[in-house]
Structures are given as C-alpha cells and as structure tokens.
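Enquirer: Just so you know, the protein sequences line up as chains A and B, in that order. In terms of my numbering, the first sequence opens at residue 99 and continues consecutively. In terms of my numbering, the second sequence opens at residue 247 and continues consecutively.
Incorrect hints may have been included.
Quick list of the computed label-pair ranges, beta carbon to beta carbon [unchecked claim]:
(1) B:N315 with A:Q165: 50 to 60 Å
(2) B:V316 with A:K152: 37 to 47 Å
(3) A:K230 with B:Q263: 32 to 42 Å
Honestly, the hints are just simulated from the structure, not real lab data. Backbone N, C-alpha and C fix where the C-beta goes; we use that ideal spot for every residue, glycine too.
Here is what each chain is made of, one letter per residue.
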Amino acid sequence: METTAQLLKAFLGGNESAFKVLVEENEDLIYNVVLSIVKNEADAADVTQDVFVKVFQKATSFRGESQASTWLYRIAVNTALDFNKRKRNHHLLSFANDLLFRYRRSSVSFNHPGVLLENKDNAHALFDALDKLPGKQQAAFVLFYMEGKSQREVAEILGLSVNAVESLMSRAKQKLQKILFNYYNRQKNEND
Amino acid sequence: MKMIKPNILDDIVKTAQSVKKVKAPANMYASVMAAIERKKHESIWDKTASFVLRPALIVPGLIIVILLNVWMITAKDSKSVNFAVEDYTSATYVVLNNENVLP
Numbered sequence: 099m100e101t102t103a104q105l106l107k108a109f110l111g112g113n114e115s116a117f118k119v120l121v122e123e124n125e126d127l128i129y130n131v132v133l134s135i136v137k138n139e140a141d142a143a144d145v146t147q148d149v150f151v152k153v154f155q156k157a158t159s160f161r162g163e164s165q166a167s168t169w170l171y172r173i174a175v176n177t178a179l180d181f182n183k184r185k186r187n188h189h190l191l192s193f194a195n196d197l198l199f200r201y202r203r204s205s206v207s208f209n210h211p212g213v214l215l216e217n218k219d220n221a222h223a224l225f226d227a228l229d230k231l232p233g234k235q236q237a238a239f240v241l242f243y244m245e246g247k248s249q250r251e252v253a254e255i256l257g258l259s260v261n262a263v264e265s266l267m268s269r270a271k272q273k274l275q276k277i278l279f280n281y282y283n284r285q286k287n288e289n290d
Numbered sequence: 247m248k249m250i251k252p253n254i255l256d257d258i259v260k261t262a263q264s265v266k267k268v269k270a271p272a273n274m275y276a277s278v279m280a281a282i283e284r285k286k287h288e289s290i291w292d293k294t295a296s297f298v299l300r301p302a303l304i305v306p307g308l309i310i311v312i313l314l315n316v317w318m319i320t321a322k323d324s325k326s327v328n329f330a331v332e333d334y335t336s337a338t339y340v341v342l343n344n345e346n347v348l349p
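Looking at chain B on its own, in the form it has when it is part of the complex:
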C-alpha cells in the first residue's frame, strides 16, 4: 500500500481548535462551599491518616522495614558464625596448649 504523507500538523491543530467551549456544571459555588466546609470539619486524625497513607511515604517505609529485617537476619547469622569460629579457635588453643594431652 502506498503511504500518503498527510499534513498531520494541520489536522492536529484543526481538531484542537474545533473543540467548543462548554458551561461548567450548575451550582459550582454551592459544591465549592460544601467542600470547604467538609475540609474545615476534617479531624486531625483524618489529616494525619491521609498524610501517612500517601504512597510516597508507604513505599519508602516498607523498604526501610524490609532492609531492617534483612540487616537483622544477616547480622545475627554473622554473629553466630563468629561464635563458632571463636569456639573452635579457643578449643584448639586449649588442646594445643594443654600439656596433659598426648600429641
């Protein structure tokens, strides 16, 4: 099929300019005042909850909890390995330095 290169920009601009202006819904002022009243009576807990529950806080919070868990598990593991190494070396030291043990 032969591709026709249309004057796309003209079409885009024509379409954008063909959009008619419309009237805002009725009673906009009443709904604005109702929203303002609702906001005034929002308790401090509502505001705190909506602040804390924002994805921008939830996601980093979850990452921190996961990282803390990983760190605690790895720190615990390395500590127990160190104990094992320490035990082994101290036991070996005792054996090697005990004169009553036969070689």
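For reference, chain A alone in the conformation it holds in the complex:
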C-alpha cells in the first residue's frame, strides 16, 4: 500500500489512477471527520466530495512541508467548517420564515450513523452543544476526542502551536460543560 504522499506525487506526475487510489484509501477517514463536524450523513457525503475536488484542483500546491495526511485533514476540516458557516447564514436568512410559520427547527439536523441507539440522546445533546462552539474549538475537540489525534497532530492540522491547541481544548471543554450542565444534571436526576 502506497502512502498518501506517494499517491499525491504519482498523481502530480500524471498518473490519474493514483488519484482513484488516493480517494479510495482516504474516503472513510475524511468522511468520518466531516461527519463529526457537519453532523448529517447527506451533507457529509457532499462535503467529502468537495474535499476531494479541492485535493484534485490544489494538488500542485502541496509542498510537502507537512505530512500529506495532515494536508488532507486540513482541507477536510476547513471545508466542513465553511459548510457549517454557510448553513448557519442560510438559517439566519430563513429566520423570518420560521417566525412567520411559528416553526423552530433544531439548530442541528442531526443524523449520525455512527451513534449507538442507547447513546443517541447524549450524542444529540453533545453535537448540538458542539455546534455552539467557535469553529476551531469544535475542530480541535473532534480531532482529539473523536479522531484520536494527538495534540501535536491537531496543532499541525489546524496550523497552530501545541500551546494554542491546549488552550482551545480547555476552553472547548469549559464551554461544553457549561452548555450541557442542565442536560446532564437532568439525566442524573432521572437515573437516581
């Protein structure tokens, strides 16, 4: 099995089938990161497709300063965060529509196939809370806790220092704790 860097190099050398292998070897990886950020299967498929279109178009800009997988992750995270931003703006525009029809949608159209049924409520609450975090905090949390990346890898993907990532993570956890306090408190009360 060739590495992502070798495949990129082969693709840049004119080997189109190397791009096919690159997509097939990385599609699950990219799809899962994107899915954790956009939180919806259909949107994640579209965003994953956009990520590989960008890889195809920008392959020449890969200078090999970072690992190819880091470069792929960076494109995936940025594309997913941009998608969320556009979606949020679209929701703002349709706010008037919501008011007119007295209809309030959930802030996240949550549909994650990787969530176990018994965890669905907790996961829904967590993803809803994640959506309220600033983009970089959200990305850092997803990469560290859900993708199992080290702080150093998260720093490389987000283009930050390790200290900055540490501080991002700590702020993300504080905010999540604050947002989810009532939810978890209610759950505990119900269980006791």
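Here the structure of chain A is known, so what remains is to put chain B in place on it, guided by the hints.
Expert: Positioned in the frame of chain A, the structure of chain B alone reads:
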C-alpha cells in the same frame, strides 16, 4: 430539588468516544470525478454569477447604492436651499441699493 453536580466532563468525553466509525458512501470516486467534470464545463458566466452573487459582495453593493442615493438627495436639497438663500440675498441687495425705491 437538590442539584446533583454530575461529572459532566467524563460523560461528554465518553459520549464523544462512543461514536463509531462509519464507511463513506459507495461510489465516492465516481461522484468526485463527476463533480470535477461539472466544474470543468462551468462557463465563465456561471463562475462570474456565482462570484457576484455572494452575500459578501451583494450586501456592501446595496449599502453603497443606498448611501449614493441618500447623498444625492441631501446634496440636491442643500443646493436648492443655497439657491433660495442666494436669491433672497441678491433680491435684498437690489432693493437696498436701488435709489429709486422709497425707504
């Protein structure tokens, strides 16, 4: 009701880590290539339209048009006021300096 302080962070992390990895939809490569082909055949007008219709351009454009309109209306109004003042002063000047007019 007595508030129980739950160990929220543990629960949050446990929930995040319980999310299973899933497989990407089938035929991802085919859909990527189709999207690339579509982009290749996008005409220059499609690209220009999608660039011009971005909210980042539309909103400042609208603001500029509104400001231009406001400026033109206020400039026109102040000009007509100036004419009126000028007319008044020139008329007064004529009256005051005309020797044939009785005081």
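Enquirer: Evaluate each hint against the coordinates.
Expert: Going down the list of hints, with the structure as the test:
1. Our hint of 50 to 60 Å for N315 of chain B and Q165 of chain A holds, since their Cβ atoms are close to 54 Å apart.
2. Distance hint check for V316 of chain B and K152 of chain A: the Cβ-Cβ separation is about 42 Å, which falls inside the suggested range of 37 to 47 Å.
3. Our hint of 32 to 42 Å for K230 of chain A and Q263 of chain B is violated, since their Cβ atoms are close to 20 Å apart.
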